Each structure stands twice: as structure tokens, then as C-alpha cells.
Amino acid sequence: MSQPGTETGFVHNHRTGTTMLFTLSVLLIFQLAGEVVARGLSLPIPGPVFGLVFLALACMVRPSLRQTLEPTSGTLLDHLSLLFLPAAVGVIRFLPLLRRDGLALAAAVLGSTLLALTVTAVVFVAASRRLTENGAEQ
Amino acid sequence: MSTNVGKLWVYLATTPLLWLCATLSIYWLADRFFVLTRRYPLANPVLLSAIILGALLKVSNTHYETYFRGAQFVHFMLGPATVALAVPLVGEFQELRRRALPVALALVAGSLTAIISAVGIAWSLGASTTIQASLAPKSVTTPIAMGISKAVGGIPALTAVLVIITGIIVAIIAQPWFNTLRIRDDAARGFASGLAGHGIGTARSFQAGKRAGTYAGLALALNGVLTAVIVPYLMALWHG
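Residue numbers (the working numbering), protein chains in the order written: chain A, 1 to 138; chain B, 1 to 240.
Here chain A stands alone, though its shape is the one from the complex (with noise of 0.2 Å):
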């Protein structure tokens, strides 16, 4: 005889583990399928950014797909900083490439990404402030 609260819980943690692996299976798919559009058409853009606008199609026309996709997906993207440590740490192997020209580089990358995030940021607030302005008045 199985208790009510056992099988209750084993049920949910099947469905969570269910819906983990259909999460990952989907993410690959896609990846699979912009990976084939990417290489078939020999575009300089990468798969996953084809994988990533076919799924954005596909929840849109299936509101309940994204729905299920959500748990397993956020907790993949809480955990993105993660995903790019193996690449900083092959930096490391390539800074004596920066030693020629050092300052140059680093003045290049410093100055142009404060530039880049300020004018994104500055320009994105105005014309959003703008636009809820034109919005009042209408």
C-alpha cells in the first residue's frame, strides 16, 4: 500500500524530471535545426541565434510550449556566467598577444565600452520617455 503524500510527491518529481529532459531535448533540437539553416546557407551568423529565433516563433504560435519550457530554461540562463568560464579561462593563454600594442587595447576596449553602454542606456531611456510622453498626450 502506498501512501497518499509519497506518491503525490514522486508524481511531481517525475513531471519536473519530465519536463527537464523535454526542455533539453527542445533547447538541442533547435540548436540542431539553426545550426543546419546556419551551415546550409553559409551565413556568418551562428546556429544557436537561429535556434534562438525559431523557438521564439514556435512559442509564439504554441503559448503552452513556452509555458513548460520556463522552468528548466531559467534556471539555465541564472546560471549563464558559468557557461562562459571554460573561454575566459583560454584567454589567459593568449595574453601575451596583448602585450604588443597593451595600450592601445586596453584603451580601445576600456573607452569604447563605457561609450557603448552609455549611448545604449542614454539614447533607450530618452526615446522611452518619449514615447510614454506622446502616449499621455494622446
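Please note that a few of the clues may not be correct.
Label pairs and their calculated CB-CB ranges [what the hints assert, rightly or not]:
#1 A/P71 / B/L36: 40 to 46 Å
#2 A/S42 / B/V59: 48 to 54 Å
#3 B/L96 / A/L21: 15 to 21 Å
#4 B/T130 / A/G17: 50 to 56 Å
#5 A/D78 / B/T180: 23 to 29 Å
Here chain A is said to cover these stretches of chain B; the calculated rule only asks that three of the stretch's residues, wherever they fall, bring their Cβ under 8 Å from a Cβ of chain A [what the hints assert, rightly or not]:
#6 3-16
#7 66-72
#8 85-95
#9 145-158
#10 197-208
No lab work stands behind these hints, which were simulated from the structure alone. Note that the structure is predicted; figures quoted are calculated from it, not measured. Backbone N, C-alpha and C define an ideal beta-carbon position, used for all residues, glycine too.
Starting from the known structure of chain A, arrange chain B on it as the hints suggest.
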């Protein structure tokens, strides 16, 4: 005894397990430390754990290729994670449609600023055209940036390094910088971080909140495509 230790090291050094464990556990520790310091910008977990792992590789005389055999499992997840950015994007779709104009204007202004200022600063300091070309796509995600760099006469490996460094700089300075500028809109903060700092800026934005992360993901995708289209034209124009 010492031969046993030697054998054990030979085993550990050749299995992917060791460096996979090191990657995950050192990042976990660095992330705990980051939270403990109330997310002090310079305690950035990617920067901190990359320095620690780099030092470990050097001390243990391990090649990056050996390290990557373990770390590749983490690296591989970047693909599906990029696809997963679609999920929060569709969730914000109504809001995004309302914000289409700010998104479009900020994208064009930010993208041009990122490219022109990087090339301009390097040029004014006397850097070669190869260095300038390697810098032009520094704000976009690595695979796109390397492709652009190659197309306009840069060094793709150098570009890859500059892209990662740019992303880490964004992860470190974006939040305090926006606080100084008094930009409080999460959408604007996220969009700018993703545009200037691609995936690493996006990852940092998701730590600040789902909304900021969503806009960062949008900027990462849009700026990747726009930069790939305009850099070849801009560089041709620049060199006359």
C-alpha cells in the same frame, strides 16, 4: 607510495573529470564569495575563477587543451543556453512591441558607438589597421566576432580574447556605472549590457533580474546580426 601518487596524478590529469570538477567547484566558491561581498564589482565570479583556474593550470603545468577536455561539457551548454534566451523574450513580447522604437534607436546608436569608438581610439594611439580590424567587432558574441574579424583583415584569435575581456569589463562596471548615471530602468540597463558586453553582459544582467536579462539577450542577438552586416561597410569606408 610516491609512485602511487604519481600514478594517481597521471590518471587524474588525463581524465576530463578533474578539470570539470575544478571548473564547477571553483566557480561555485567564487559565486558564493561574490554574494558574500554583496556583489562587489571586482569580486566578479567569472574574473575571479578564471584567474584561479589559470593559476592552477600554470602551477600544475597543464595545457589548456587538457583543461578544455573537462571544461568542454560546460562550454557546450552555451549553445542551448543561447536558444533558451527565446523563452523569456516571448514572455515579454507585448512589452517589447511597445518598446520597439527605443530598442531600434538604442541598437543603431549603441552598435555604431561600439564599433567606431573602438577603431577610433586604437587609430588615435597609432595601432595598425590589423589591430583596428580585430577591435571593430569586440562587443558581439565570440563566433560572430571572429567571423567578422577574419572578413575585415583582423586576427580572429586576438578578437576572441578582446571579446571576452570586453564582456568581463561590462560585467564589472555596468551596474555601478548605470548607478552613477542614475539610469534605473532595468530594460535600458539590460539592453546596454547585452549590446556592449554580449553573453557575459547578458549573464550579469540575469543576476540583476529577469527583465534586465531578457533585454540583454535581445540586444546580444540584434547587435550580433547588425554588427556582422555593418562592420565590413564601415571598415571599407574608413580605409577609403
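Evaluated hints:
Checked against the hint of 40 to 46 Å, the C-beta distance between A/P71 and B/L36 comes to roughly 27 Å, which is inconsistent with it. One distance hint, 48 to 54 Å for the beta-carbon pair A/S42 and B/V59, is violated here, with the actual separation near 43 Å. Between B/L96 and A/L21 the beta carbons are some 30 Å apart, a value that contradicts the proposed interval 15 to 21 Å. B/T130 and A/G17 have their C-beta atoms about 51 Å apart, which keeps the hinted 50 to 56 Å range intact.
A beta carbon spacing of about 27 Å between A/D78 and B/T180 agrees with the range 23 to 29 Å that was offered as a hint. For the segment 3-16 of chain B, the stated coverage by chain A is violated: 0 residues have a C-beta nearer than 8 Å to a C-beta of that chain, whereas at least 3 were required. Coverage of the segment 66-72 of chain B by chain A holds. Counting CB-CB distances below 8 Å, 4 residues qualify, and the rule asks for three or more. Coverage of the segment 85-95 of chain B by chain A holds in this model, with 8 residues showing a Cβ closer than 8 Å to a Cβ of that chain against a need of three.
A count of 6 residues in the segment 145-158 of chain B with a Cβ less than 8 Å from any Cβ of chain A is obtained; the coverage claim is therefore met, three being the minimum. Restraint check on the segment 197-208 of chain B versus chain A: 8 residues with Cβ-Cβ distances below 8 Å, three needed, restraint holds.
Checked against the numbered hints listed earlier, the structure breaks hints 1, 2, 3, 6; every other hint is satisfied.
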